[in-house]
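Asks: Each chain is listed here by its residues.
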Amino acid sequence: AQSVTQPDIHITVSEGASLELRCNYSYGATPYLFWYVQSPGQGLQLLLKYFSGDTLVQGIKGFEAEFKRSQSSFNLRKPSVHWSDAAEYFCAVGSYNTDKLIFGTGTRLQVFP
Amino acid sequence: DTAVSQTPKYLVTQMGNDKSIKCEQNLGHDTMYWYKQDSKKFLKIMFSYNNKELIINETVPNRFSPKSPDKAHLNLHINSLELGDSAVYFCASSLTRQGGQPQHFGDGTRLSIL
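As given, the protein sequences belong to chains R and H, one line each in that order.
According to our numbering, the first sequence is numbered sequentially starting from 1.
According to our numbering, the second sequence is numbered sequentially starting from 1.
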C-alpha cells in the first residue's frame, strides 16, 4: 500500500537549534517526494521536491532534504531554526505518471525563543 | 495578487443544509484540486479537474459535487451536510497533470457543521 509516515507528531526546538523532521514512505513506483509547510490559517506551500539525481535537495527558507532509497526516507533539515519556522510540515509522495499526492499526517514544529 | 483564492474562508451551517465553496486561480494552470483536511490535520485528495474535465474522484460521497465552469474555477457544492463534513477544505492548482508539478494551495475554507 502507498503511504507516508511522519513519526513525530510534535517537535519543539529552541531558536537557533538544528532541526530534522522525519519522513518515511511506501510506494510501488519510483517516488517523487515533496515537503510542504502550512502556517496557521493558511494553505500549504512547497518547500522542496526530489525527483532524481542528487539525493540532497535544497529548498526555500534554508531547508534541505536528503533522499535515502535504502531507508525509504526523505528527512527535512535546517541548520538553524528561526521563530518564523513554527508551522505544520507535511511530507508527500507522488510519481511521474500521476499528479495524485499522498500526504503524511504532518509534524507540528514549535520554536521557543 | 492571490494565486489561488477560496471563498468563503469560514462557513458555519446546520446539518442537512446545502452549501458551496468557490475557488479561483489566476496562475493559468490547467489542473485544479479539492482536498479535505480533517481535525487531525490529515490531508486527502477528493477531486481533480484538468481543463474542466474530472480526472480524480476519490470515492467521495455523491453529496459532494464539484463543478468547473472554466479551467480557472473549481467550485465544490455539498448537499445534505453531515457532522462528519466538518473540516478544512483546500483548493489547489498545478500547471499540468504531469507528475511532480508543484501544487499551489489556497488558504482553505473551514466548514463547521452544527
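Treat the hints with care, since some could be wrong.
[Unchecked claim] To give a feel for the contact side, a few chain R residues facing chain H, derived at Cβ under 7 angstroms:
#  : residue
1  : SER39
2  : TYR50
3  : PHE51
4  : GLY53
5  : ASP54
6  : VAL57
7  : GLY59
8  : GLY94
9  : TYR96
10 : ASN97
11 : THR98
12 : GLN110
Hints are computed from structural coordinates only; laboratory data are not their basis.
Nothing here was measured: the structure is a model prediction, and the numbers come from that model.
Where is the CB? At the ideal position from N, CA and C, for every residue including glycine.
Asks: Could you run down the list of hints and mark each one as holding or not?
Replies: Taking the hints in turn, this is what the structure says about them:
1. SER39: violated (10 angstroms)
2. TYR50: violated (9 angstroms)
3. PHE51: With a closest approach of 5 angstroms, the PHE51 of chain R hint holds.
4. GLY53: Violated, about 13 angstroms.
5. ASP54: violated (16 angstroms)
6. VAL57: violated (13 angstroms)
7. GLY59: Violated: closest Cβ of chain H sits about 11 angstroms from GLY59 of chain R, beyond 7 angstroms.
8. GLY94: Status holds, d = 6 angstroms.
9. TYR96: Holds, because the Cβ-Cβ distance from TYR96 of chain R to chain H comes to roughly 4 angstroms (cut-off 7 angstroms).
10. ASN97: Since the shortest Cβ distance to chain H is 6 angstroms, the answer is holds.
11. THR98: holds (5 angstroms)
12. GLN110: violated (14 angstroms)
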